[in-house]
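Colleague: Listed below are the residues making up each chain.
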Amino acid sequence: MPATPDPDFGKALTRAMDDFASDPQPPAFDAPAMVGRARRRRRLLLGGAVAAAVALGAGVTIGVRATGPGPRQVQAATPPTAVPASGLPWPFPSSDPSGSPSATPGGSSSAAPSGTPSGPLAGSPSAARKTVTVPSVIGKSRPEAERILTAAGLTVGNLVMLHGGNLPTGVLVGTQPAAGMDVPVGTPVMLMVSEG
Amino acid sequence: VGSWQRAERPDFVEFVQQRSAALFRTAYVLTGHQQVAEDLVQEALEKACRRWRRVAAADSPEAYVRRILVNLANDRWRRAGRAAERFEVPERADPHDSYRQVELRDGLVRALHGLPIGMRTVVVLHYLHDQGPEEIAGTLGISASSVRSQLSRGVAKLRATSTDLPQLEGA
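First to last, the protein sequences are chains A and B.
Be aware that the first sequence starts at 1, since it is given in this note's numbering, and climbs by one per residue.
Be aware that the second sequence starts at 1, since it is given in this note's numbering, and climbs by one per residue.
With the rest of the complex left out, here is chain B:
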């Protein structure tokens, strides 16, 4: 998950080729739902395409589009209301994982998707994208202290859910 650095202004088509998979990963972790993630990325890319000049001039076009993406997700969730807050995490058995690891992972992921969208976004940006509170605050248009508190509350919730899971250290 490296950031995308380039000297020249990137071409939109090229950008999509190179970065859409990473954006999709973010969207998928955030929503837990493949189709929803795909729609979100599609919409974010369409938006980015319409203002590509501005996006391409950004320090990191990928971060710019990711910002569009997570804000779209947040808007959509809030609009849909709490009823749609929770997407079911589909059952899956990954042959590459040991049973226990899958269980732990799915437990965490399920707990993650049980968090409110704002808190979830903060957790994802921090743990998946290694972003600090200031950066997250800038992305979501909230204060850094709010990011900090949501992050610690989010992690506490996830932790609480995972206490009943088989040993954490093994993962």
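With the rest of the complex left out, here is chain A:
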């Protein structure tokens, strides 16, 4: 026990706190609701993972049309880091932290790990065929983002307008597939643009 200068004072202090603590009626906490929220949250994260896989799968299917066989390895390359980013409310997908990615223009067909330094996903052993890493275009204007994506060998997909957040109007707040994903050349990338 630490040196209590004066045990009486200590006792008075304890009593004061104890007494003070008894003033308010302790509120009721809704435990079942918390359990529900925790469960939903888990499901949401899981759902995010599934959505990412599905999105990637869709990208792959289109990619197959465009580029030929070899989709399976790509699907295996879903980076775990991409999962939370694709959660539902989309508070600015957190793709790669490196900011602006230098989109390495000019086809960049076989050498996938160009734009982003994310390690694990570059790996998938036999996926050395035509995949590219989606560059990060967050914060760029839409025309610029389109230019970067096409230069990286991707195509421009749907446009989704999002609002909220603190980004200026008209800039890219995310893509699907998210930046850092390895996808087949020609994959359409959905653009999410802030509308203020």
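By construction, these hints were calculated from the structure, which means they are not laboratory data.
Hints should not be assumed to be uniformly reliable.
Example chain B residues on the side facing chain A (calculated, C-beta under 7 angstroms, incomplete) [stated by the list, open to error]:
1. Val109
2. Arg159
3. Ala160
Here are some of the chain B residues that sit facing chain A, going by a computed Cβ distance under 10 angstroms [what the hints assert, rightly or not]:
4. Val29
5. Gly32
6. Val41
7. Cys49
8. Arg50
9. Arg51
10. Tyr64
11. Leu104
12. Leu108
13. Val124
14. Gly141
15. Ser143
Glycine included, each C-beta is placed from N, C-alpha and C at the ideal position.
Following the hints, complete the assembly by docking chain B onto the known chain A.
Modeller: Positioned in the frame of chain A, the structure of chain B alone reads:
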């Protein structure tokens, strides 16, 4: 304020029923503010719920959640900066207390809430929860010697504030 011992893995809902009041007391003494205390407990319980398996496997789930709680409080205070350091202790007259006791108690409690959050936490864990420096050190992730020095400085400050209060011995 007994610790919560059980043989079986406790159920979260049951835990909340049985222990949330004690956690709320801690939070209330620590913050001096009912709504803030409630929010803190709510947040701590939500966190605990998300990792309940781990919490339930702990020697004392209550101590585990209390650790979450006091660290949340400390984080929040530090983030809010010194401006938010002090919550006003609401005026109250407790009919069960004699006037003098209320005064003494409120003086001490007010002085307590004037301490920096880290020091305050140390004092609360020691005097309200009877925790020793090692245990407190483990809870807050600081050294035991730092706990000791904060404790003695904290008590000295509280003492200094309470010298002008009517006789201490009576309490």
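Colleague: Taking the hints in turn, state whether each one holds.
Modeller: Evaluated hints:
Residue-level restraint check for Val109 (chain B) holds (minimum Cβ-Cβ distance to chain A is 5 angstroms; threshold 7 angstroms). The beta carbon of Arg159 (chain B) is positioned within 7 angstroms of a beta carbon in chain A (closest approach about 6 angstroms), and the interface hint is therefore held. Hint on Ala160 (chain B) is violated. Least Cβ distance to chain A is approximately 11 angstroms, over the 7 angstroms limit. Given hint, Val29 (chain B) at the interface with chain A, holds; its Cβ is 5 angstroms from that chain's nearest Cβ, closer than 10 angstroms.
Contact between Gly32 (chain B) and chain A, as hinted, is supported at the beta carbon level, the nearest pair being about 8 angstroms apart and thus within 10 angstroms. The beta carbon of Val41 (chain B) is positioned within 10 angstroms of a beta carbon in chain A (closest approach about 7 angstroms), and the interface hint is therefore held. At a threshold of 10 angstroms, the smallest CB-CB gap from Cys49 (chain B) to chain A is about 5 angstroms, leaving the interface hint in force. The restraint placing Arg50 (chain B) at the interface with chain A holds, with a minimum CB-CB distance near 5 angstroms, inside the 10 angstroms limit.
About 9 angstroms separates the beta-carbon of Arg51 (chain B) from the nearest beta-carbon of chain A, less than 10 angstroms, and the hint is met. Hint status for Tyr64 (chain B): violated, given a least beta-carbon distance of 16 angstroms to chain A, over 10 angstroms. Hint status for Leu104 (chain B): holds, given a least beta-carbon distance of 7 angstroms to chain A, under 10 angstroms. Because the closest C-beta pair between Leu108 (chain B) and chain A is about 4 angstroms apart, less than 10 angstroms, the hint holds.
Hint on Val124 (chain B) holds. Least Cβ distance to chain A is approximately 7 angstroms, under the 10 angstroms limit. Checking Gly141 (chain B) against chain A: minimum C-beta separation of about 18 angstroms lies over 10 angstroms; hint violated. The interface hint given for Ser143 (chain B) is violated, since its Cβ lies 13 angstroms from the closest Cβ of chain A, which is over the 10 angstroms cut-off.
When held up to the earlier numbered hints, the structure conflicts with 3, 10, 14 and 15 and fits the remainder.
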